[in-house]
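Enquirer: Turn these sequences into a full structure, and let the hints steer you where they fit.
Protein chains: 2
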Amino acid sequence: MNFRLFFSLLLIAASFNVSAETKSPEPSNNLDYPIGWQNWASIAVSHRTDNNTLRLIIGNNIAVQAARLGKTNPWPKGSIIGKVVWKEKRLENWQSAIVPKKLVHAEFMFKDAQKYSKTHGWGWARWIGLEQKPFNKGTEVCSSCHSAVKNRDWVFSDPAQLPKIQ
Amino acid sequence: MNFRLFFSLLLIAASFNVSAETKSPEPSNNLDYPIGWQNWASIAVSHRTDNNTLRLIIGNNIAVQAARLGKTNPWPKGSIIGKVVWKEKRLENWQSAIVPKKLVHAEFMFKDAQKYSKTHGWGWARWIGLEQKPFNKGTEVCSSCHSAVKNRDWVFSDPAQLPKIQ
Numbered sequence: 023m024n025f026r027l028f029f030s031l032l033l034i035a036a037s038f039n040v041s042a043e044t045k046s047p048e049p050s051n052n053l054d055y056p057i058g059w060q061n062w063a064s065i066a067v068s069h070r071t072d073n074n075t076l077r078l079i080i081g082n083n084i085a086v087q088a089a090r091l092g093k094t095n096p097w098p099k100g101s102i103i104g105k106v107v108w109k110e111k112r113l114e115n116w117q118s119a120i121v122p123k124k125l126v127h128a129e130f131m132f133k134d135a136q137k138y139s140k141t142h143g144w145g146w147a148r149w150i151g152l153e154q155k156p157f158n159k160g161t162e163v164c165s166s167c168h169s170a171v172k173n174r175d176w177v178f179s180d181p182a183q184l185p186k187i188q
Numbered sequence: 023m024n025f026r027l028f029f030s031l032l033l034i035a036a037s038f039n040v041s042a043e044t045k046s047p048e049p050s051n052n053l054d055y056p057i058g059w060q061n062w063a064s065i066a067v068s069h070r071t072d073n074n075t076l077r078l079i080i081g082n083n084i085a086v087q088a089a090r091l092g093k094t095n096p097w098p099k100g101s102i103i104g105k106v107v108w109k110e111k112r113l114e115n116w117q118s119a120i121v122p123k124k125l126v127h128a129e130f131m132f133k134d135a136q137k138y139s140k141t142h143g144w145g146w147a148r149w150i151g152l153e154q155k156p157f158n159k160g161t162e163v164c165s166s167c168h169s170a171v172k173n174r175d176w177v178f179s180d181p182a183q184l185p186k187i188q
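Listed in order, the protein sequences are those of chains A and B.
Numbered by our numbering, the letters in the first sequence go through residues 23 to 188 in order.
Numbered by our numbering, the letters in the second sequence go through residues 23 to 188 in order.
If you're looking for bench data, these hints aren't it; they were derived computationally from the structure.
Bear in mind the structure is a predicted one, so any value in this text is a computation, not a measurement.
Where hints are given, some of them may not hold.
One copy or two, it doesn't matter: identical chains are merged, so the pair holds either way.
[As the list claims (entries may be wrong)] Derived pair list, reagent style DSS-like, types lysine-lysine, alpha-carbon separation capped at 27 Å:
hint	residue 1	residue 2
1	Lys124	Lys109
2	Lys140	Lys99
3	Lys124	Lys111
4	Lys159	Lys124
5	Lys93	Lys159
6	Lys123	Lys109
7	Lys140	Lys172
8	Lys109	Lys155
9	Lys159	Lys99
Expert: This is how it looks when you write it as structure tokens:
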């Protein structure tokens, strides 16, 4: 094999590897994957004892700022709220503590009263498991539960108390 | 009142107001307040059923990167791990969900094997309530519980599963 061919193949292999590591999942309910949510700040946490899951509620900058100011009814345009859901287990070294086991899914609500006027002012999306496989069975499965809080702009969570002092 | 005096008083009032909003709490156990932790990324969540509290485990950039890479025994020098603790309550609109009520405290572990060699390689600090009143009763109250996980570099939490895909 000559050097030119070797380096060409090396470049092709490298580009495949990079794309495999950085490729975003396909859209869910026609909504693009919110890249980088793993580093978003937190809004709340919860433990659902009816389906044995722990939840972390996070937000993009617009949502987090609204949460901190208590301006959440309605949430401002451009807010993205994420809910990261894990099955629960007992902590090995502290048996009365319930902690995350396997990742179930990450769900997101995208606020835009005009753009998503047909789905209550929000876009609704979900990516499943560590592979973040897109959910594409429509938004009704989301909004049917959330209709219980339609007077809270369709959001269950209250922002958790945080000190304003920095 | 002349204009000069008026503006002088205005400036003094403004500076008091700024300092009241940005002043950090006093040190806890001789450790400085980790400014801006409210916007740190998350490492895990937990629900302690023995004392009815929900917990959010966060980290500074060094700690979060270590958590994501699974390089946490030992945690790298400069890691700061935070645990934000709230009393629990039932969510009004979903009774089987346990959510945060009143903020109890925010606790932090500061990793530096040399600097904190006398306290197991960590500095231990706690700020109490929304006022973030510093805890100054020494580190023994922290490390006595954490000694159960001394073989895990004194840290209870495992980083929660997160997708590597972005």
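Enquirer: Against each hint, give a clear statement of whether it holds in the structure.
Expert: We went through each hint and held it up to the structure:
1. Lys124 with Lys109: both (5 Å within a copy, 25 Å between copies)
2. Lys140 with Lys99: within (15 Å within a copy, 51 Å between copies)
3. Lys124 with Lys111: both (9 Å within a copy, 25 Å between copies)
4. Lys159 with Lys124: within (23 Å within a copy, 38 Å between copies)
5. Lys93 with Lys159: neither (31 Å within a copy, 38 Å between copies)
6. Lys123 with Lys109: For Lys123 and Lys109, the Cα distance is within 27 Å both inside one copy (5 Å) and across copies (22 Å).
7. Lys140 with Lys172: Within one copy only: 14 Å inside, 54 Å across.
8. Lys109 with Lys155: For Lys109 and Lys155, only the intra-copy Cα distance (17 Å) is at most 27 Å; the inter-copy one is 35 Å.
9. Lys159 with Lys99: within (25 Å within a copy, 46 Å between copies)
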